[in-house]
Amino acid sequence: MQITQFFNRLNNKKFAKLLTQTVALGVGAIVLLSSTNANAAEQVILKYGSFQGQISVQELTQFTETGKTTPTLRAYLQAAQQDPAVARKALKASIKADPSFLNSLLSSWAGPVLVNQIGEVIRPTAGELDQEALRNALSESIKQNGEVTLLGAIQNYPSTSVELEGDRLIPVYERLSNLAKLF
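Letter by letter, the sequence shown follows residues -40 to -1, 1 to 143 in mature numbering (1 follows the signal peptide of the UniProt record, and there is no 0).
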């Protein structure tokens, strides 16, 4: 008897209106959440030799875009004897080209080379390079900005935290800059 009453309530106009609104709200939430990269890195573990420190991706992004450092980041850069201007330049240096060309490049023979180069600097906190995760991060960066940058790879890395090998930052930046000249 209770099941029959439940189905009778389903036919009720008020319930139908409530159900429609709930479905609309759910669909709206899915669209909103899927349009942001909810599964992206939030924390960066900076590593310089034996030195290691943690900052947020937001702090690193602010530094890269504006040059402003937080006290924590400033202390880490000083402890690592890293020139902030050079680090900033390396993080925002880009390979700019048509997004479809860059995505094709990632899928070609050159893709693993590019991923391995960036993977020398950016890796998951577990240690081993996950080429597929880094390739996806680069692809997402290309979709958003039409370019490949180390910062974009960090921002879009599909993990809550990522390691940034500071000792490798400048050599990889120089190789990527030479590669960018080809495009």
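None of these hints come from the bench; they were simulated from the model.
For clarity, every value in this text was computed on a predicted model and none was experimentally measured.
By construction, the Cβ of each residue, glycine as well, lies at the ideal position given by its N, Cα and C atoms.
Among the hints, erroneous ones may be present.
[Unchecked claim] Each pair of labels, with its calculated beta carbon distance range:
(1) D127 / K103: 27 to 35 Å
(2) A70 / R34: 17 to 25 Å
(3) S67 / E88: 19 to 27 Å
(4) T26 / D127: 19 to 27 Å
(5) L142 / S16: 16 to 24 Å
(6) Q12 / L139: 27 to 35 Å
(7) K56 / D127: 34 to 42 Å
(8) G27 / D127: 18 to 26 Å
(9) W69 / G27: 16 to 24 Å
(10) G106 / V73: 28 to 36 Å
(11) T120 / Q22: 14 to 22 Å
Hint by hint, here is what the structure shows:
1. Take D127 and K103: their Cβ atoms lie about 30 Å apart, and the range 27 to 35 Å holds.
2. Under the hint 17 to 25 Å, the C-beta atoms of A70 and R34, about 37 Å apart, miss the expected range.
3. Checked against the hint of 19 to 27 Å, the pair S67 and E88 passes, with Cβ atoms roughly 22 Å apart.
4. Hint check: T26 to D127, Cβ distance near 25 Å, so the stated range 19 to 27 Å holds.
5. Under the hint 16 to 24 Å, the C-beta atoms of L142 and S16, about 34 Å apart, miss the expected range.
6. A C-beta distance of roughly 29 Å is found between Q12 and L139, which places it inside the suggested range of 27 to 35 Å.
7. Taking the beta carbon of each, K56 and D127 are about 26 Å apart, not inside 34 to 42 Å as hinted.
8. With their beta carbons about 22 Å apart, G27 and D127 fall inside the hinted range of 18 to 26 Å.
9. The given range of 16 to 24 Å is broken by W69 and G27, whose C-beta atoms sit roughly 37 Å from each other.
10. One distance hint, 28 to 36 Å for the beta-carbon pair G106 and V73, is violated here, with the actual separation near 21 Å.
11. About 19 Å separates the C-beta atoms of T120 and Q22, a value consistent with the hinted range of 14 to 22 Å.
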